[in-house]
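Dock chain A with the ligand against chain W, hints included.
Each chain, written out:
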Amino acid sequence: MLSVRNLIDTTSLTADDITQILDTAQSFAEVNSRAIKKVPALRGRTIVNLFLEPSTRTRSSFELAEKRLSADSLNMSGSTSSVVKGESLADTIQTIAAMNVDMFVCRAKFAGTPHLITENTDARVINAGDGKHQHPTQALLDLYTIRENFGHLDGLKVAIVGDLLHSRVVGSLAPALRTMGAEVTLVGPPTFQVMDPAWFGCEQTADFDSVIPDVDVIYMLRVQLERMEGAAIPSRREYNRLFGLDTVRASHMKEGAIVCHPGPMNRGMEIMPEVADAPYAKILDQVSAGVAVRMAAMYLLLGGEDNDLA
Amino acid sequence: MTLLKGAHLHDPQVAIDDVADIRIDGERIVEVGEDLVACDGEESIDCTGCDLVPGLVDMHVHFRDPGYEYKETIETGCRAATKGGFTDVATMPNTDPVCDTGTGVRYQIDRSKAAGLARVHPIGALTRGEKGEALAEIGDMVMEGAAAFSDDGHGVQSAGMMRCCMDYVSQFDRVAIAHCEDESITAGGLVNEGTCSTRLGMFGWPAAGEELEVSRDIDLVRLTGCALHVAHISTERSLDLVRSAKAEGLPVTCEVTPLHLFLTEDDITDTYDTNLKVNPPLRTPHDAAALREGVCDGSIDCIVTDHAPHAAHEKDCEFEIASFGSIGLETSLGLMLTNLVLPGKLSWDQLVSLMCVSPRRLLRMQPVTLAVGSSADLTVIDPSIGYVVSDGLFESRSHNSAFLGTHLTGAARDVFVAGKRTLMDGVVA
Ligand SMILES: [Zn+2]
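Read top to bottom, the protein sequences are chains W and A.
Position 39 of the first sequence, counted from 1, bears residue number 39 in my numbering, the numbering being contiguous throughout.
To convert, take the position in the second sequence, counting from 1, and add 1000; that gives my numbering.
Pulled out of the complex, with its shape left as it was, chain W reads as follows:
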C-alpha cells in the first residue's frame, strides 16, 4: 500500500511508494500490450475527471487508463462545470461527491486546487497538474521511462532544460528524481530559472553546453510560445541558439544518454526535429508509459490488493 491517501505532489511520496507505483505500472504495461487491453481491477468504481484547464493529452491518458481498469468515468471540464457559473469549487466538489464517487482526477489552473478538493470530499484525489506547482503522474511516467532505459534510477544524472519557472514538471520531477537517488541540474536562461533550486535539491545554471556531456538524461521542457516574444526571451531564434537541442549539441551527449520531453514539442524551438526523432529520444515511450503509470496510481490509491488484478 502507498503511504499517501491522495496523489497531490511527489514530495510526499517515499522511495518505496515510487518503486511500488513503477513496479505496478510494469504489470499494467503488460496488459496494455495484450490484444484485449482490459482488466476488471476497478469495476464498479466511479472516477470523475475534472479538467478545469483544458489538456487533451493528459485527459486522454487518464480516460484510457480508467477504461482499461474497467472503472466508470465522468468527464467534466471547466467550461461545462458550474465553477464558471459563480459556484465555488468547494460547492461543486461537495455536489459531485454527494453522488458517491470514488476518485477525482483534477487538472487545474491554480496551484493548490487538488488539495482544496481533498478538504471537500472523502474520495481519493489525483493531481493531474495544478498551475505551476506539480504534475505527479507526469513525473512518475518520466521516472518509469528512465528506469526502463537504465534499469535503475539511483546515481543517474539528469538535466532539466528550458522554462523552469513556469513548469509544473520541474516541481514534481526534480524532487522525485532526488528521492530516487538521481542528481538533477536545472538549465535555463536566468529569466526562466526557479527562485530557490536548493529547495528541489538541485544545481541551476544557464550554461547548457557545459552540462550536456555530463548527464544521462536530457529532459527538454516545452516553452510556452506566448511567453516567447515577451520580456523573458528576446526571440525564438535566440532561444533556439542558446537552449535548443540540435544534432550538434546531441553529438556531445554521453554514450547511452537519452532525451525526454513532456510534450507537446515545439519542433525547431526547444528541440530540433532530427533530435526528436532520433533513437535516443524516448518521447513516445513516455506517452505509452503514461497510461500504465496512471493505471497503477489509480489502482493503488483505490485499494490495491483488495481488488483483483487479472
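In short, the hints are calculated from the structure, not lab data.
Be careful, since some hints might not be right.
Just so you have them, the derived chain A footprint on chain W, three or more residues with Cβ under 8 Å [what the hints assert, rightly or not]:
(1) 109 to 118
(2) 129 to 135
(3) 201 to 212
(4) 276 to 287
All residues carry an ideal CB built from backbone N, CA and C; glycine is no exception.
Structure of chain A with the ligand alone, referenced to chain W:
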C-alpha cells in the same frame, strides 16, 4: 463620575509607571492618585491586577464601508476595534467609491459617530480613485477632517505622480502614507519570492518590489519635504532604509503589522491556507526577526493591523484567486502582549509609544495622557486572561484571521472613549 481602582498605569508621556487610581468626570480625567475614595453615587471599578494605558490607536484598518458592507461596515468595524481595546482607528480609502473627496470623509465620520464606539479617522486618497493619475481633493478632505493621505492597496506607480502628491500634501500639516509596491516587479506575485514561491509553485512578490519604492519615496522626501510614513513594512532592508532616513533627520516613519512580526512564509504549508495570503506577503523568518528587533529598538514607530476583512467565500477558494488580507483588530494587543511584552522583550512604555502615542502624533490627533485634564480615552488590560483565537472572539463581520487557533495571553478588558465605557469586561457596549 467613575473611579478606576488599583490598575498599574503606564504612560511614558507623563512618566507614570505605578499602581494608582483614576477618577473620570464627564469626558476627562479629573484626578490621579493613590487610595482615592469613591464619592456618593460614583461607580467604582476594581482594576486590581490590570494594566491601564492611554486608549489604543490603530492607524491602518479597512472598514469596507461604503461599497463592501458585506465584509465589514463602519459599525461592525468599530465593534471589532472596541473589542480589541482601541479608542481610535484610521480607515484606508480603498472603499467603493474610493474616499477621495470631503464628502467621503464626512460620511465615515458621521457613521462612526452614530455607532458611538471607537472614533474613526478617515485617511483620504492621494490620487483620484487611487488610480495614480491625478491629485485627489486633498484640501477639501483636510477641511472635512481627513487624518492623513494614502493610496493604500497600491503603490503610486509613477515617481512623478508621487512627487506631485507629496509636494501637494506638504502644504497641509498631514503625513503621506505609502503602500510601497512596484507593480512592474510584483505583478502576479502571491507569496514571498524565494523558497515559498518555489515550493508552492506560485509567482513570487519579491522583497525588492517593496524596497525599491521605500527607497524612491525617501528620496522624494528630500525633494518635497513632505512627511512620509511607510505602511506595513515587511523586510529587513525596508527597515534599514527607514533607519538611515531617520538618522539623516528626514521626516520618515514606519509601521509594522503583527502578521509580519509573528508569521513567516514558512507558515504557509501545502494546505494553502488562504488566511495567510496577505499583501505585502509573509516574509522570511530572518525578516520577521529583524522587524521584531526594529520594534524593540524603537526604529519602528507604530503597530497597525491592516485589518482587512473578507467574506468566507472570498477566502474559501483557491489560494491564487483568494483575496489578500487578514483581520487583526481583535488579536493585535494579545499578540503583542503574548509575544513581546509578557516575555519581557518589550516594555509597557514601549507598547504605549507604539500603539498610543506615535499613531496619535502621526494622525495629528490631540495627545492623550494619563494626567489630569486629558480626555478620558483609556484601555484597561487584563494581562492574565488566556484564550484561543477562534470565530467566537470576533465582533468583525468577517472571520478571516491568519491567527485562528493561536493561543494568546492578555486582552483588553475595558475601554473608555471620552469617558464613555465602550468595552465592559470584554463585552462591547
Ligand atoms: Zn497596504
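Against the structure, the hints:
no., hint, result
1, 109 to 118, "holds (count 7)"
2, 129 to 135, "holds (count 5)"
3, 201 to 212, "violated (count 0)"
4, 276 to 287, "violated (count 0)"
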